[in-house]
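> Sequence:
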Amino acid sequence: MIYFLHGGETQKSRKRMHEVLQNLSHKRPNSEVFKLTEENWNESQFDELVSSQGLFDQKYIVILDFLFSNKEAKEFVLDKLKSMQDAEHWFLILDGKVDVATVKKIEKASYKTQEFEKAEKKKPAPIIFSITDKLLNKDKKGLWVSFLDLTRRGIPAEEIHGVFFWAVKNMLIAGKVQSQKESGLAPFSYSQALSGGRNYKSVELQNMSSQLIQMTHRVRRGEGELPVMMEKWILEM
4 MIYFLHGGET QKSRKRMHEV LQNLSHKRPN SEVFKLTEEN WNESQFDELV
54 SSQGLFDQKY IVILDFLFSN KEAKEFVLDK LKSMQDAEHW FLILDGKVDV
104 ATVKKIEKAS YKTQEFEKAE KKKPAPIIFS ITDKLLNKDK KGLWVSFLDL
154 TRRGIPAEEI HGVFFWAVKN MLIAGKVQSQ KESGLAPFSY SQALSGGRNY
204 KSVELQNMSS QLIQMTHRVR RGEGELPVMM EKWILEM
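In this text, residue positions in the sequence shown follow this note's numbering: the first is 4, and each later residue adds one.
Hints in this document: simulated from the structure, not taken from any laboratory.
Treat the hints with care, since some could be wrong.
[Claimed, not checked] Using C-beta positions, here's what the derived DEER-type ranges look like:
1. 132 <-> 81: 43 to 49 Å
2. 159 <-> 198: 24 to 30 Å
3. 114 <-> 54: 16 to 22 Å
4. 114 <-> 11: 32 to 38 Å
Glycine residues also receive a C-beta, built at the ideal position from the N, C-alpha and C atoms.
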């Protein structure tokens, strides 16, 4: 019989494996436990455990502990699924993230399968994009205050720089095309860029784009710090 535990949350899956092992050992107090890992993997030993019959009603509990990173071991185990399913011994398969095809194959032969995936962390609201309104409206004071606020919050200057460049680039694009579809921008982004672009001359936007690009080159050459350059850029708008 097979009990399959897998997934990216390895601490939880391993904890569950120990719980299952404890329960099985309680039901079969005379069971001998074998643990096979990448380090001690042996095809002959595993084959013997799968095919052997326990003497005097003695049954085995075999743990396959993260074997699937070994391609040969994985293929060997998959070939033995039917025999493992029919055996009187228990086979606990514990592994991390496993490909879908392998999971489906093992599930069909398993007494039970449990998946342990890490819960996705909720991403914080993108407050960084709040600064774009000030840039689009050519609100120099508001832009400067927002910039200082974001840096105090710990937002990296590189991320704010990226938002500035993205906004300027979109305004340039929107000013050169005849429609949203032609721009390749999302409808809302196009509408914002088109409206914001009216607050700048084309040559201003081109200069702003060049200046933002030059900032990154200067930082790489060690000619200054990006936060200082960006604050100066805002104040000189």
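> With reference to the structure, classify each hint as holding or not holding.
Do the hints match the structure? See the list:
1. Checked against the hint of 43 to 49 Å, the C-beta distance between residue 132 and residue 81 comes to roughly 48 Å, which is consistent with it.
2. The supplied range of 24 to 30 Å is met by residue 159 and residue 198, whose beta-carbon atoms lie about 28 Å from each other.
3. About 19 Å separates the C-beta atoms of residue 114 and residue 54, a value consistent with the hinted range of 16 to 22 Å.
4. Residue 114 and residue 11 have their C-beta atoms about 23 Å apart, which leaves the hinted 32 to 38 Å range violated.
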